[in-house]
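J.: Chain S is fixed; fit chains G and B onto it per the hints.
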Amino acid sequence: MNNNEDNLLYDCAENASISNFTNNNVSNNPILECKNLVKTYANSEALKGINLTINRGRIIGLLGPNGSGKSTLIKLANGLLTPTSGEILINGLKPGIETKKIVSYLPERTYLNDWMKVSDIINFFKDFYDNFNPEKAYEMLLKLNINPNDKLKTMSKGTKEKVQLILVMSREADLYLLDEPIAGVDPAARDYILNTIITNYNENATIIISTHLISDIERVLDDVVFISCGEIFLTKSVDEIRENEGKSVDTLFREVFRC
Amino acid sequence: MSWNFNDDRPIYLQLMEQIQLRIISGVYKIGEKLPSVRDMASDASVNPNTMQKALTELERTGLVFSQRTSGRFITEDSNMIKDIRNGLAKEQIEKFLYNMEKIGYTKQETIQLVEIISKEMK
Amino acid sequence: MLGKLMKYELKSTARILIPLYITLLVFATISKIFIETRITDKLHDFGAIPFFLSVFGYGCTMAAVFIVTFFVIIQRFYKNLLGDEGYLMNTLPVSALTNITSKISIATFWNIISGFVAILSIIIMAFNPDAFSKFFNELFRALSDGYSEFGVQVYIVIIEIIIAILVYLIKFLTMIYASISIGHLFNKHRILSSFGAFIVLNLITTAISSTIGIASSIAGKTLFDNIQSLLTIHLFLIFAILFNLVFFIVYFIITNYILKNKLNLE
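Sequences listed follow chains S, G and B, in order.
With this note's numbering, letter number 219 in the first sequence gets 219, and the count goes up by one each step, no holes.
With this note's numbering, letter number 11 in the second sequence gets 11, and the count goes up by one each step, no holes.
With this note's numbering, letter number 80 in the third sequence gets 80, and the count goes up by one each step, no holes.
Here chain S stands alone, though its shape is the one from the complex (with noise of 0.2 Å):
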């Protein structure tokens, strides 16, 4: 099944279909592009010329060893980083005040300040983000059996994690940047988190999820972009890899990384 079929299919299905051609409410611009980015830091390249373009609508899995620019390419995009050379163009801009309104991050650590309750946090993200939406945010923590007047300092690191994915996915942005969103949680949670990811899916929308746990968000995958050594060293999809290698991006990630 090669990718121009793909696009045929998408524009002949009838229904409003999750779709980047058919609705003309989307913009079809890519919601992230790097032209010959490159980042040093003092004695080190972190990243040496990375191009890359990515679509609306793709949930996009960044996927590399430790030290392999990662983090650096995410902290790029979210302007806690200033390229060395190159361009990064969130929805065709440079990183600064308009993209932070669309882009929602979610960092490895703890970012919340301990003394505030889970309530005090939602009306932090309201008065901030005219894109939050707070009633799905209560309704998820709902659903985790997470009460909002409970004050940070009391809960345990995995039920921080999940209200901070809880605050990210309640934003309704343009670019989603997880960083390891699923490592320090249970497994049930975790079904629970790569499904709110699936629910909030939205044509519109880019989901980029940067992990170690490749197995588990496999199937949420569309596309994975795998990154060394500060080089972009495959683009690809999920099934273009399980059609072309007869294995699981997992199994070829294992292989390529080989220690």
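Since the hints were derived computationally from the structure, they do not count as laboratory data.
There's no promise every hint is true.
When the alpha-carbon atoms are kept at most 20 Å apart in a straight line, the in silico EDC-like pairs for lysine to aspartate or glutamate are as follows [what the hints assert, rightly or not]: (1) K4(B) <-> D120(S); (2) K262(B) <-> E85(B); (3) K153(S) <-> E85(B).
Cβ-to-Cβ under 7 Å is the rule here; a few derived chain B residues that face chain S [to be verified]: (4) L2; (5) K4; (6) D84; (7) E85; (8) Y87; (9) N90; (10) T91; (11) L92; (12) P93; (13) N261; (14) L263; (15) L265.
Chain B residues, not near chain S, derived (Cβ > 10 Å throughout) [to be verified]: (16) T61; (17) N128; (18) A131; (19) G151; (20) I163; (21) S210.
Don't be surprised by glycine CBs; every beta carbon is placed ideally from N, CA and C.
T.: Relative to chain S, chains G and B alone:
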């Protein structure tokens, strides 16, 4: 019925097979409206685009059709479903007979064994 | 956006500082009560203990007020913008400029409040109706004397003094922020580097101030000899204000540049 996937084949192909199985076994009934793509994707824990692809492919086979505003429906054609069911059954039986041959039973012996054991199973 | 940031900044800091300030006033009041009722005399030896305790408590709390206020201001900048919380604050749709401004404004606010609270506590401790009315009478007389001699200028000078103190305050705060930001540029020993940067910046500021101070006093010696009009005091104050303003702007620019372009959260 739960969704099971293995690692080496594209998921959309496996989805097609399992949706087909559900239609044939009556989990999704004839002429019935299928749940939305998003709900099905959520149920199977797969990417909605992948589920979309599987359903679109099934439309090509005619097992499923879509109506512009109402969604996707399972075919009313009970003969098609019967044919597919028979085709699957044939596949299973052929595979079974072949495997029994590998163990060392002739087709005759296999059929007798099937009768005996199925009586025991009741 | 700035208002919202300031709101949260206030909330985060008030929960530590307000109880502290109230404690100070409580200790002041208790000590004052002890003094007024002369409990020490009445209860002989044992009476002295609660009194000394409350005075001791007052002293410690007074020191704490300044130390903790200072510490909170530093920590808010360091932890909230450059620590883990930085992942949240620096991805909000606000500019680094807005973030810095919110921190400075609330920091200045608390500095002023802590000053007022300290003075209030002293007033409580030392309150004596006679001495107070005498003090205020003297004050008003001095002011009206000054007014009759120099006119409105007296009040202008007072305003200039207040502005000068404020500008000095924000200069000091931005110097701290700039030091912390410069320390952030280093990957290891960030705290140490911040201290180092602070010392260096302090040295530079003092060196420049002293040089200009000495130069202008030599140049203006004749002016200083003649305090007929308040002109010299005006000039001196305005010059001090502008001077510190320039430093403030420079430190602010340094902090903003680093936060905007050289951020490297771990």
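J.: Now look at each hint and say whether the structure bears it out.
T.: Hint check results:
no. : hint               : verdict
1   : K4(B) <-> D120(S)  : 13 Å, holds
2   : K262(B) <-> E85(B) : 17 Å, holds
3   : K153(S) <-> E85(B) : 14 Å, holds
4   : L2                 : 12 Å, violated
5   : K4                 : 5 Å, holds
6   : D84                : 5 Å, holds
7   : E85                : 6 Å, holds
8   : Y87                : 4 Å, holds
9   : N90                : 6 Å, holds
10  : T91                : 5 Å, holds
11  : L92                : 5 Å, holds
12  : P93                : 4 Å, holds
13  : N261               : 5 Å, holds
14  : L263               : 6 Å, holds
15  : L265               : 6 Å, holds
16  : T61                : 22 Å, holds
17  : N128               : 42 Å, holds
18  : A131               : 43 Å, holds
19  : G151               : 49 Å, holds
20  : I163               : 32 Å, holds
21  : S210               : 35 Å, holds
Violated hint for the displayed structure: number 4, the only one.
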